[in-house]
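Given the coordinates of chain Y, assemble chain V onto it according to the supplied hints.
The lines below spell out each chain.
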Amino acid sequence: MSNAALAITAIAAVLFVARMLRGPALADRVISVDGFVSTIVIGVTIASVRPGSGVVESTVLVVAIGGFVGTAILARFIERRGS
Amino acid sequence: MDEVLDAIGAVALVLGALFALLAAIGVHKFRDPYSRMHAAAKSPTLGLVLVTMGAALQIRTIGAVATLTLVAILQLLTSPVGTHLIARAVHLRVEVPQDGVDELRRDDEAVS
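Protein chains in written order, with our numbering: chain Y, 1 to 83; chain V, 1 to 112.
Chain V with its partners taken away, still in its complex shape:
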């Protein structure tokens, strides 16, 4: 049983690290800040949830499992909020070169 839990935990750790790498490749390769934000916001969250799961499966004390669950829940709550704050600031203040159409700005101009 212990070996099985250790193996599942190890696989979850490596998968979580791979999601962090996926985010980094996305941020490195995409062309404008909004698509970079899309890469940087979502996959590290899933990566952190996988990594905390793997760590909890490997450590297996009640305190560690509680703390790591708290970390995962906290990340799921704060990551969208932080990304939304950045996206709002960028859209309000920064002139961004974009692919395609900025529909929000187009609607603003149509109204005014």
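Excised from the complex, chain Y in its bound form:
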């Protein structure tokens, strides 16, 4: 079952990256980066279930905190730089 869940997450990640590449505005790219990071957190959580994957739950915590800090920094970046 975790294989199916990982496959669905991978499709979601590909769609986010497609929107990230197409834009058109900087805002669209930042939003899709945010969603992409959320998808990564979901994928890492699923990977922590699989025996022998070497991923532990603490990894999920670190990735989640890093994702929030990244989003905040990107928002600051837009505010300072403009469009």
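Among the clues, some could well be false.
Derived coverage of chain V by chain Y (criterion: at least 3 residues anywhere in the stretch with Cβ under 8 Å from a Cβ of chain Y; other residues may be distant) [said to hold, decoys possible]:
#1 20-31
#2 57-69
#3 85-95
#4 105-111
Source of the hints: derived by calculation from the structure; they are not laboratory data.
Just so you know, these numbers come straight off a predicted model, no measurement behind them.
Don't be surprised by glycine CBs; every beta carbon is placed ideally from N, CA and C.
For chain V alone, kept in the frame of chain Y given last:
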């Protein structure tokens, strides 16, 4: 009992992954940044809560359950804050093509 918990956990994992896919489809299909933000903000949060629940049901050690609960609470706290930061920056700085009426901007122009 173990089989039941494993089955519920597996279903929760797949449901959570489907919510991530839903967000990705929304971000891919919607037409302006605000509606994309609406898709990208909410459903991954619900997806992550479902996935952490499923993982906790499958791993079933006290440390793992505590850590995953912490992750879910953290996500519920930080996701609205991050989305609000992005929305504020976009509204202040980016000229966005929109469907419909920008009521905030219309009110600003009516005052000035």
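Against the earlier hints, flag every one the structure doesn't satisfy and list their numbers going up. 4
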